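Asks: So you can see what is in the structure, the chains are spelled out below.
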Amino acid sequence: MSASRFAALAGMIGFMAVSTPAMAERLVISLSHHRVLVTSSFTGTEVVLFGSIERDQTAPLPRRGYDVVVTVTGPRESERTRRKERVLGIWVNMESRTFVNVPNYLAALSNKPLDAIVNTDLQRRLQIGLVNTTLPQRIGSGVTDVTQEDAFRMAFLRLKKEHGLYIERNNGVTFFTPTLFRADIPLPSNVPFGLYDVDVKLFADGATIAESTSALEIIKVGFEQFVADAARDHGLLYGLATAMLALLTGWFASVVFRRD
Amino acid sequence: MQIYLPIADLPVNVFLILAMGLAVGFISGMFGIGGGFLMTPLLIFIGVTPGVAVASVASHIAASSCSGAISYWRRKAIDPSLALMLLAGGVIGTAAGVWLFTLLRALDQLDLMIALSYLTLLSIVGALMVSESVRSIMRARVGKPVVLRRPGSHIWFHGLPFKFRFKRSMIYVSAIPVWVIGFLMGFIGAIMGIGGGFLLVPMLIYLLRVPTATVIGTSMVLTMVTMASATVMHSATNHLVDAVLALILMVGGVIGAQFGARAGQKISGEWLRLLLGLLVLMVGLRFAFQLVLHPDDIYSLRIVEGMP
Chain S
0 MSASRFAALA GMIGFMAVST PAMAERLVIS LSHHRVLVTS SFTGTEVVLF GSIERDQTAP
60 LPRRGYDVVV TVTGPRESER TRRKERVLGI WVNMESRTFV NVPNYLAALS NKPLDAIVNT
120 DLQRRLQIGL VNTTLPQRIG SGVTDVTQED AFRMAFLRLK KEHGLYIERN NGVTFFTPTL
180 FRADIPLPSN VPFGLYDVDV KLFADGATIA ESTSALEIIK VGFEQFVADA ARDHGLLYGL
240 ATAMLALLTG WFASVVFRRD
Chain C
0 MQIYLPIADL PVNVFLILAM GLAVGFISGM FGIGGGFLMT PLLIFIGVTP GVAVASVASH
60 IAASSCSGAI SYWRRKAIDP SLALMLLAGG VIGTAAGVWL FTLLRALDQL DLMIALSYLT
120 LLSIVGALMV SESVRSIMRA RVGKPVVLRR PGSHIWFHGL PFKFRFKRSM IYVSAIPVWV
180 IGFLMGFIGA IMGIGGGFLL VPMLIYLLRV PTATVIGTSM VLTMVTMASA TVMHSATNHL
240 VDAVLALILM VGGVIGAQFG ARAGQKISGE WLRLLLGLLV LMVGLRFAFQ LVLHPDDIYS
300 LRIVEGMP
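If you read the protein sequences in the order shown, they are chains S and C. First residue of the first sequence? That's 0 in numbering that gives the first Met the number 0, and the numbers climb one at a time after it. First residue of the second sequence? That's 0 in numbering that gives the first Met the number 0, and the numbers climb one at a time after it.
Calculated from the structure, these hints are not laboratory results. Predicted model, so just to flag it, every value in this text is computed and none were measured.
Listed next, with one range per pair, are the computed distances between beta-carbon atoms: (1) C/D8 <-> S/H33: 24 to 30 Å; (2) S/T146 <-> C/V303: 18 to 24 Å; (3) S/T146 <-> C/L99: 36 to 42 Å; (4) S/V254 <-> C/E131: 35 to 41 Å.
Incomplete in silico selection of chain S near chain C, CB under 7 Å: (5) S39; (6) R79; (7) S95.
Even glycine gets a Cβ: it sits at the ideal position worked out from N, Cα and C.
Only chain C is shown next, with the shape it has when bound in the complex:
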C-alpha cells in the first residue's frame, strides 16, 4: 500500500516503513537502546533526506523511550532528581543542536555533517564495544573472574563544586558533569536523530557511578524529554518533522520492542554486546562508503524557501 509522506515528499510503501519500525524496535528492545542510530540511517538509505530523517526519528524515539520510562517508573527504577539535573543540560543542548542543524542546512552542509558525525561516532563506539565484548568473552573462556568496577578509583571531576546527593542512585557528585553529559546528549541527539542511550548509559555508569538499578530508567527519561523537545524545535524552525512517517515508525517500533525484549533475555550479555557492536560498526562503515565512493550524481537540487 503506497502512501505519500507529506514532508519527506516521497511515496513509500506503508509496510516497508512498518517493517523497518518493527525490525529496529526488535533490536532496540533486545539491546535496551532507543534505536535512533539505526533508524535514521535506514531512512536515509531508502531515500528520505537526512534532515527529515533526523527530525522525524526524534519523535519516534520520544515514543519508544516514553513507553520504556513508564515501565521503569512503575518499578521505581528512575532517579527523579538525577533525571531533572540531566534535563537542565539536556534541553539547552537540544536547543543548541537544533540551532547548529539550521545553520548547517542553510550552508548546504547538513547532509555531510550528519554522515560525518555518524561515521565518527559509530566507528569509535562500535570498535570499543566489539573489542570490549570479545575480551570479556575470551576471559569467560579462560575462566578468569570479570572485574566490573574498581571501587575507590577517583576521577578529577569528582572534586568539582555544586555537589548534590542523588538519593535513589545513592551517589554524591557535582552537578557540573551531570549538566555537561545532559547537554552533550541533547546536542548530539538533535543533530543526529539518536536518543543516545548507547552512549549515555556507559557514561552514567563509568563516570558518575550511577548504579545499574536506576541507570536505564533515568537515561530513558532524559531521552524522552530531549527528543520530544527536539521534535517541537525541529518543527518550529526547519519544518522537517514528518508526522505521518513518525507515526508509522512509532507503531512498528513499540510493537517490535516487546518481542525484542523477550529475545534479548535468551542471549548472554557479552554476545549481545558483541552483536550490537558489530551492528554499530556496520552502519558506520556504510556511511564511510557513501562519503568516499563517487556519488551517482555530483549535482543535487534544493528548493530555496522564502524566496519568490
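Chain S with its partners taken away, still in its complex shape:
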C-alpha cells in the first residue's frame, strides 16, 4: 500500500462524515484529494474514496452483505442535443432539445450491478444510476424530465458517455473486508472545473440504510486556462492581442526571410 493511500486512510479518522444516527450502521468516508489541479499536461486522474461501515455490535450482518453506490455530480450547465435529418440529400441539424441545468459530469459507481442492489423503483426514487438521474428538458415554456425511452434523452446520455463525462461502473466500488471499501472516481482529461458533490449510499438487503456526502473541487491552472479565461471574459482585448500577435509574426517573418 502506497504512502498516500496510508495517509488517506489515516485521514479518515479525522474526517468523519456521519449521518442517519438512528441506524445501527454509520458510514464514514474520506477522499484522497479534495482539490484537483488540472494543468496543461493533465491527461486525467483518479480520486480515491475510502469508506468504512461502522457497525453497532448488536446489529447482525446483512444476509447478502453490504452494497455501496457512489454518485459524483459535477457542476451544472445547459446543453443542447441536436438531431440531423436528411433534407434534399444532405444532412442538416433539424430538431433539438435543451437540457437545462444538467450535471456536466456524472459518475455512478457501485460494487455490483444496480439491479442486484435495489429494485428499479427505488433506483428511480433515489436517482442512482445514469438513466435514473433527473435530466430536465425545456419543452414549450416549461421545464420537465421525460420518459427514459425518449430518443433525445438516450442520445444525450450516450454522447456524454462517449465524451467520458458520464461514467457508470458496476465494479467501481471494491470491498476489502465486509465493512471497508474503496472507490476510484475517474476524472478524464476534459473534466470540467468547478465543485463536485460526492454522495455515498449504503444498502443492505435491498434497502438504503445510511448515506454520507463529501465534495471535491477541480481547478484548472496554467497557460491554457489563462487563455481560455481571457477569451471568455475579455473577448475584445483578447481579439486585439491575437490580431497584434498575428501581424507581429508576419512582420517578424518578413524580416527574417528578407531576400533583398
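Fit chain C to the known structure of chain S by using the hints.
Replies: Chain C only, in chain S's frame:
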C-alpha cells in the same frame, strides 16, 4: 508532444498542427495565395469545430498576408489608394459576415452553412481553374499564342459614377465596384475563414483591370486588414478564436511559405494553376461527401452559454 487547445477544447499533437501549417504554408507560397481555404477544412477534418476553425484561421491568414504585404510594400507593388478604397468595403463586409456567423451559430446551422459555402465556392472555382488551365496547356501544345487581355472591351459598371484615379495601378474606375468587391471579400472571409486571394486577384484583374504589378500586393493588404478585424470581431462576439492554435499555425505557415515560393518558381504557370484547381476541387468534394454521406452519429451536443 500533446498540448491542449484551450478554445477548441481538444488535445492535439503540436507537431501535427505545425506540419499542417508548414504544408499549407508551402502550398500558399507556391501559388501565391493565403491558404485559408485549405487550412480551415484541414482543421475541421482533424476534429476542430468549424466555428473555431474559421475564427482561428482568420488570425493565421492575417499573419501570412502581413509578411507578404510587407515584402510587396518594399518593392512598391501596392496601390495604397486602391487598398484603402477596398478596405472601406472590406471592414463593413467583415462585420456583416461576423454578424451572420453569430446568427447561424445560434440557430445551430453554422456548421452546415460553412460546409455548403465551401462546397459551392470551391467546386465552381476549382472547375473553372482546371478547365482554364487545361485549355491554356492545350493551346500551348498546339502553339497558338495566348490572348490574355482584350483591350477596349467594356463592362457595364465601368460607366458608374464616383470615378477615381488610382495612380499606381494606372486605372480610372468607379469606386462602387471597388467597395462591392471589398465588401464581398470581407463577408466571405469572415464566414468561411479564407483570405479570398484566389477569388480577389482574378476579380481585380478581370473586372477592374488592375495591372499584375500591383494586384497581389494590394489584395494582400485587403486580406491582412479584413482578417485581422475578423479576428478581433470573432473574439469579441463568439469567443471562438484559439490563440494557441493560431500561433502554431502562423509559425508553420510563414516558414512553409518561404520554401513554397521557391518551389513555385520552378513550375510553369499553367501547370501551377491546374494543380491548384485540382486541389480546390478535391477539398470541395470532401465537403460534398461529408454532407451527403450518413453521419457517424446523427445526434450532437452543444453547451448553451449564458444559461444556468
